[in-house]
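Visitor: Chains A and B are the protein sequences, given in the same order.
When the letters of the first sequence are read in order and numbered with this note's numbering, they come out as residues 1 to 142.
When the letters of the second sequence are read in order and numbered with this note's numbering, they come out as residues 1 to 142.
No lab work stands behind these hints, which were simulated from the structure alone.
All values reported here derive from a predicted model rather than from experimental measurement.
Treat the hints with care, since some could be wrong.
[To be verified] Some chain B residues judged to face chain A by a derived CB distance under 7 Å, without partners named:
id : residue
1  : Ser6
2  : Thr9
3  : Ala11
4  : Thr24
5  : Trp28
6  : Gln42
7  : Pro45
8  : Gly46
9  : Gly71
10 : Leu74
11 : Ala75
[What the hints assert, rightly or not] Chain B is nowhere near these chain A residues, computed Cβ spacing over 12 Å in every case:
id : residue
12 : Asp2
13 : Asp16
14 : Gly27
15 : Pro35
16 : Phe57
17 : Ala94
18 : Pro129
Built from N, CA and C at the ideal position, the CB exists for glycine as well.
2 protein chains.
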Amino acid sequence: MDQRLSFVTLATPDLDATRAFYATGLGWQPLIDVPGEVIFFQAAPGLVLGFFEATSFNRDMGLDGAASLSGVTLAHNVDSEDAVRATVAVMEAAGGTVSTPPQPGDFGGIFHAHVTDPNGVIWEVAHNPGWSVAEDGTVRFG
Amino acid sequence: MDQRLSFVTLATPDLDATRAFYATGLGWQPLIDVPGEVIFFQAAPGLVLGFFEATSFNRDMGLDGAASLSGVTLAHNVDSEDAVRATVAVMEAAGGTVSTPPQPGDFGGIFHAHVTDPNGVIWEVAHNPGWSVAEDGTVRFG
């Protein structure tokens, strides 16, 4: 099995709030947008981040009710501490809630913040001086 | 904010089982492996899939106890129905549990299966004839 992820799909109770945050607020371009069902955004080469209406999510898994999301975080790495601050400001203006304001992390020289989207999806926005992505997409930790 | 995901991190109670499944069983190469804390695997260009010990996950979020994972699925797309069957066999041999055997999906000509890893992480393995990834990593649905 190749070491490759094609989709990350998150159960989401309010797709209108998702659209307002990612598409309208952040300017992300949906790959597919089916109101009341799913919204997909490409989020890395070959990788799609999907938001799937929480009741449909459970139905697809053969379960009743609405799925709730827990135990997952997403991260967005940027090139500088100023870019962390600027990104957090953009996310807050789009309707995100800042739970950890931009600040140094506990180790490794990281500088980061946590912002929650309108459905409770936790994003870490981070500058990690030891992190780099090569031309071919290879990730390195320094 | 760029339309870009750098990490997907999942709370995981048993990192030894995670290592046995992904590294030993599937042959994935860890980017970082800190026993009892985290294991990271690169899973797309510029994108890392992280498994974070569930108690540490909650502590980082300022919560007590161990985080549990719900409301998220991962997907691995392959080029043919036979590749779905072969991938599912490899995942099962590595210790995964098949909850949906390889079969046609409800729409779009998709052929897929669901396999759960030893910590309950749900993977869809799918062949979708309308899905393609261009040379530059752009995803297209036909």
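Visitor: Which earlier hints can't be squared with this structure?
Guide: 4, 12, 14, 16, 17
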